[in-house]
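Trainee: Sequence:
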Amino acid sequence: MMTFIDKREVCEFLKVGERTLARYREKHWYLGIHYVQPVQKILYNRELILDWMVNRHDYIAHLRAIEAYQATLPSNQKRKRT
Numbered sequence: 024m025m026t027f028i029d030k031r032e033v034c035e036f037l038k039v040g041e042r043t044l045a046r047y048r049e050k051h052w053y054l055g056i057h058y059v060q061p062v063q064k065i066l067y068n069r070e071l072i073l074d075w076m077v078n079r080h081d082y083i084a085h086l087r088a089i090e091a092y093q094a095t096l097p098s099n100q101k102r103k104r105t
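What the sequence shown shows, in our numbering, is residues 24 to 105, in sequence order.
Do not rely on the hints blindly, as some may be mistaken.
In silico lysine-lysine, DSS-like type, Cα no more than 25 Å apart, as pairs [unchecked claim]: (1) K38 <-> K50; (2) K64 <-> K30; (3) K50 <-> K64; (4) K30 <-> K50; (5) K38 <-> K64.
Hints are computed from structural coordinates only; laboratory data are not their basis. In this text the structure is predicted, and so the values were computed from the model without any measurement.
From just these sequences and the hints, can you work out the full model?
Mentor: Following this line, the structure appears as structure tokens:
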């Protein structure tokens, strides 16, 4: 299960400021993968952000984490035939 955290929590978690966080969103992270924006508030996928920090120079390793996350989404589950 993925944990979503708000801007304050992700800044504390990464020990970065809001400008750095915005730069990560613009240059490194993908909407719908690393963060979501259901209304006005942006929520960050804590586990994928952590994986990105660890594997930021190993794109293939981070891509595996993204694929594992996407496989858990309800939209990617096989439908049961009745």
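Trainee: Could you run down the list of hints and mark each one as holding or not?
Mentor: The hints, checked one at a time:
The hinted pair formed by K38 and K50 meets the criterion: a straight-line CA distance of about 18 Å does not exceed 25 Å. Taking the CA atoms of K64 and K30, the gap is near 8 Å; set against the 25 Å cutoff, the hint holds. Only pairs whose Cα atoms come within 25 Å are accepted, and K50 paired with K64 is accepted, the gap being roughly 19 Å. With a C-alpha separation of about 17 Å, the suggested pairing of K30 with K50 holds against the 25 Å cut-off.
For the hint linking K38 to K64, the alpha-carbon distance of about 20 Å falls within 25 Å, and the restraint holds.
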